[in-house]
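Undergrad: Residue-level listing of the chains:
2 protein chains.
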Amino acid sequence: MKLQAALDTLTLEKCEELLEKAGNSIDIAEVGTPFILKEGMVPVQALKKRFPDILVLADTKIMDAGEYEAEGCFKRGADIVTVLGVSYDETIEGVVKAAKKYGKQVMVDMIGVKDLAKRSEEVDQMGVDYICVHTAFDIQETGQQDPLEDLKIVNQVIKNAKSAVAGGVKLQTLDAIVQEGAEIIVVGGAICNAEDPSNMAKAMKERMI
Amino acid sequence: MKLQAALDTLTLEKCEELLEKAGNSIDIAEVGTPFILKEGMVPVQALKKRFPDILVLADTKIMDAGEYEAEGCFKRGADIVTVLGVSYDETIEGVVKAAKKYGKQVMVDMIGVKDLAKRSEEVDQMGVDYICVHTAFDIQETGQQDPLEDLKIVNQVIKNAKSAVAGGVKLQTLDAIVQEGAEIIVVGGAICNAEDPSNMAKAMKERMI
Numbered sequence: 071m072k073l074q075a076a077l078d079t080l081t082l083e084k085c086e087e088l089l090e091k092a093g094n095s096i097d098i099a100e101v102g103t104p105f106i107l108k109e110g111m112v113p114v115q116a117l118k119k120r121f122p123d124i125l126v127l128a129d130t131k132i133m134d135a136g137e138y139e140a141e142g143c144f145k146r147g148a149d150i151v152t153v154l155g156v157s158y159d160e161t162i163e164g165v166v167k168a169a170k171k172y173g174k175q176v177m178v179d180m181i182g183v184k185d186l187a188k189r190s191e192e193v194d195q196m197g198v199d200y201i202c203v204h205t206a207f208d209i210q211e212t213g214q215q216d217p218l219e220d221l222k223i224v225n226q227v228i229k230n231a232k233s234a235v236a237g238g239v240k241l242q243t244l245d246a247i248v249q250e251g252a253e254i255i256v257v258g259g260a261i262c263n264a265e266d267p268s269n270m271a272k273a274m275k276e277r278m279i
Numbered sequence: 071m072k073l074q075a076a077l078d079t080l081t082l083e084k085c086e087e088l089l090e091k092a093g094n095s096i097d098i099a100e101v102g103t104p105f106i107l108k109e110g111m112v113p114v115q116a117l118k119k120r121f122p123d124i125l126v127l128a129d130t131k132i133m134d135a136g137e138y139e140a141e142g143c144f145k146r147g148a149d150i151v152t153v154l155g156v157s158y159d160e161t162i163e164g165v166v167k168a169a170k171k172y173g174k175q176v177m178v179d180m181i182g183v184k185d186l187a188k189r190s191e192e193v194d195q196m197g198v199d200y201i202c203v204h205t206a207f208d209i210q211e212t213g214q215q216d217p218l219e220d221l222k223i224v225n226q227v228i229k230n231a232k233s234a235v236a237g238g239v240k241l242q243t244l245d246a247i248v249q250e251g252a253e254i255i256v257v258g259g260a261i262c263n264a265e266d267p268s269n270m271a272k273a274m275k276e277r278m279i
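Going down the list, the protein sequences come from chains A and B.
According to the numbering used here, the first sequence is numbered sequentially starting from 71.
According to the numbering used here, the second sequence is numbered sequentially starting from 71.
Calculated from the structure, these hints are not laboratory results.
Owing to the predicted nature of the structure, the values given are computational and were not obtained by experimental measurement.
Some hints here could point you the wrong way.
Note that identical chains are pooled: a pair holds if it fits in a single copy or bridges any two copies.
Under the rule of at most 30 Å between Cα atoms (straight-line distance), these lysine-lysine pairs were calculated in the DSSO-like manner [what the hints assert, rightly or not]:
id : residue 1 : residue 2
1  : Lys84     : Lys171
2  : Lys167    : Lys84
3  : Lys170    : Lys229
4  : Lys184    : Lys118
5  : Lys145    : Lys118
6  : Lys170    : Lys272
7  : Lys240    : Lys167
8  : Lys184    : Lys232
9  : Lys167    : Lys222
10 : Lys72     : Lys171
11 : Lys170    : Lys91
Here chain A stands alone, though its shape is the one from the complex (with noise of 0.2 Å):
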């Protein structure tokens, strides 16, 4: 069971003091969306280069042009690259092509997927490495998702892939969903805004099987 902690709000300085701090309690280190449109793969670059023992995620979200996209990313240091589950499966299938090429990994993210079920049974088939259930911060204060319940549907359909849970999850959200059962647990706010960071990732990663 691996803790990802999403970098979306920190500096790149202080992304490196938290992996720093935090030693081995963040097995994936996840360069943000709103970091990737900020500063492109450059924060890629310099974690993988100063952390080579993480394993960084670029959450590139990829709609289109999936092995172009993925393979600029994966050249620039990238272990992991998301591509969306509501693209074509030509698009998913591509971002595949390029992981293989490079020996690298592609997660999915089922963010805005209607039907998770069905999605998530063809997803598998396309040599993917996680599913990964997320729901949206936009709608998180809505209530009408909730991670776990989500996780539940993945992992009754997965014959290949492993499954990743995002969106939400807190110290006191994450028990339930260890017992589900995740190889792949994301945290974003709940590290990065927490008073101290490092020692939130570490409480976390200690709750984790």
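We have chain A already, so just place chain B on it with the hints.
TA: Positioned in the frame of chain A, the structure of chain B alone reads:
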């Protein structure tokens, strides 16, 4: 009718050369998604600084955290950002909120939307500026989608937003699109990969009304 050149595969230097030579043929310079994944808002800032009279569109394909992500782009010089039609209403509304705050514009990219007429009607009520039909690069060769037919669907339902069209538009297919009518016609490969990109941009702009 505006010509938007999608700058996906050129270096910043080549983009600047193209915009310089194309004179006023190119109304909107699009910093494409692969370019953003590589360099973030850096090329957006650079183009806006050098060409203050050309509108710069950042093809961000926002899927979540609409207000936050759009604000980051508007702050750095983008005149128009894109948000995905497959995203939640809350995300599109967040992008619109940021645009209104900065006096900038929003294009909704309808790539991957299953029921184009229904979603266009919904999105048209959200205060967006443009609804862009978009045949994904990854499925252009399959022939399963026709930008012109999609454009007709959107033109029939919109009451507030203006229409835009993207995805494999070339000189041979331009006249039919011009005849159907769209506020923005997006051209990528047909310009960027032309023997003489600036001449191609001029030739295409001349055929537009």
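Undergrad: Return the numbers of the hints above that this structure violates; sort them in rising order.
TA: 4, 6, 11
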